[in-house]
Amino acid sequence: MAKLILGFRIGMKKKKELFWFFGIGNSTAFKSHLANDIHPLITTTSQLLDVDTQPVTAINIAFSQTGLDALNVSDSLGDDIFTDGQFSDASALGDPGTDNWEDAFSGTSIHGVMLLASDTTDNVNDELSNIKDIFGDSVEELHSILGEARTGDQEGHEREFPSFIFFEY
Amino acid sequence: MVDLFLLDFGYMDGIAQPAIKGFTSSPNPGQFVAQPGIILLGQDGDDTDRPSWATGGSFMVFRQLKQLVPEFNQFLTENALEVDGLTAEEGAELLGARMVGRWKSVSNGLYVLHAVSTRL
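Line by line, the protein sequences are chains W and R. Per this note's numbering, residue 46 is the first one in the first sequence, and the count goes up by one each step. Per this note's numbering, residue 1121 is the first one in the second sequence, and the count goes up by one each step.
In case anyone wonders, no lab produced these hints; they're calculated from the structure. Virtual Cβ for every residue (Gly too), placed ideally from N, Cα, C. Misleading hints may appear alongside valid ones.
Pairs of lysine-lysine, BS3-like flavour, derived with a Cα cap of 27 Å [as the list claims (entries may be wrong)]:
1) W:LYS177 - W:LYS60
2) W:LYS76 - R:LYS1141
3) R:LYS1186 - W:LYS76
Restraint-style ranges between C-beta atoms, simulated for each label pair [claimed, not checked]:
4) W:VAL118 - R:ASP1128: 48 to 58 Å
5) R:GLY1205 - W:THR153: 24 to 34 Å
6) W:ASP95 - R:ARG1218: 36 to 46 Å
7) R:GLU1198 - W:GLN99: 46 to 56 Å
8) R:GLY1205 - W:ASP114: 52 to 62 Å
9) R:LEU1201 - W:VAL118: 21 to 31 Å
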């Protein structure tokens, strides 16, 4: 049984979460879609912290260094480990080489990831369809993985963040 | 009431995370309380220069790993710690506890927590 281990993130405490990894093909078109149609979909922390404003499907987006490069964002984020990427750091992480890495993760072709979280797989898939329609040819899907959250929640921790969330699929 | 959510390995899950000052309203007893800047760019505790547009953002790390449960248990058995007064099985449990940072919640159907901890 394979598992995903996710580091710190804003607590999107939903049962199903999809990680959709992509490469940017057309930077100009991508930026336009991002600004006009994706940006309004991104769920804010404030929205998450109140059950009355939580969306049916929470959405977040993240970029790798090569993703920022593809978008011509030249500002330094101040973190060399981020800039150099996990692939180059594999031995420092204790990996016995990278032969057993997922192909999509080997190298630096992943430019970004979208995180979709909801209570049902249908909700997540519907939202993914919407996002794919928006991006069209400007991106290429590189890896997609749906996880089911297993969280050790206790009373009162429901909407706290951050959390190490363990997903299994 | 506490729900036991166990990883496949048998250790309680979700109890090692810190509370975040300003966000976690009721930290658990003994839970480490961290500055928000430890994970949020540009917040208290983040002393690194960041672009202004990155404020409130965070770094995400994604690792996709397989959990090899029988193999892990085999490893513990083969490398069981030899301690006076402990059986071989308890020595294996102790090794696992040291690696994970807590005793298994359930071990081969037996709760070994009390028996072993009172002897050490």
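A quick look at each hint next to the structure:
Between the alpha carbons of W:LYS177 and W:LYS60 the distance comes to roughly 22 Å, so the proposed pair stays at or under 27 Å and holds. Between the alpha carbons of W:LYS76 and R:LYS1141 the distance comes to roughly 35 Å, so the proposed pair goes past 27 Å and is violated. About 35 Å separates the Cα atoms of R:LYS1186 and W:LYS76, which puts this hinted pair outside 27 Å; it is violated. Between W:VAL118 and R:ASP1128, the C-beta spacing of about 40 Å breaks the proposed range 48 to 58 Å.
Checked against the hint of 24 to 34 Å, the C-beta distance between R:GLY1205 and W:THR153 comes to roughly 53 Å, which is inconsistent with it. Restraint check, W:ASP95 to R:ARG1218: a C-beta distance of roughly 42 Å satisfies the suggested window 36 to 46 Å. For the pair R:GLU1198 and W:GLN99, the beta carbons lie near 48 Å from each other, so the given range of 46 to 56 Å is met. Under the hint 52 to 62 Å, the C-beta atoms of R:GLY1205 and W:ASP114, about 59 Å apart, fit the expected range.
One distance hint, 21 to 31 Å for the beta-carbon pair R:LEU1201 and W:VAL118, is violated here, with the actual separation near 51 Å.
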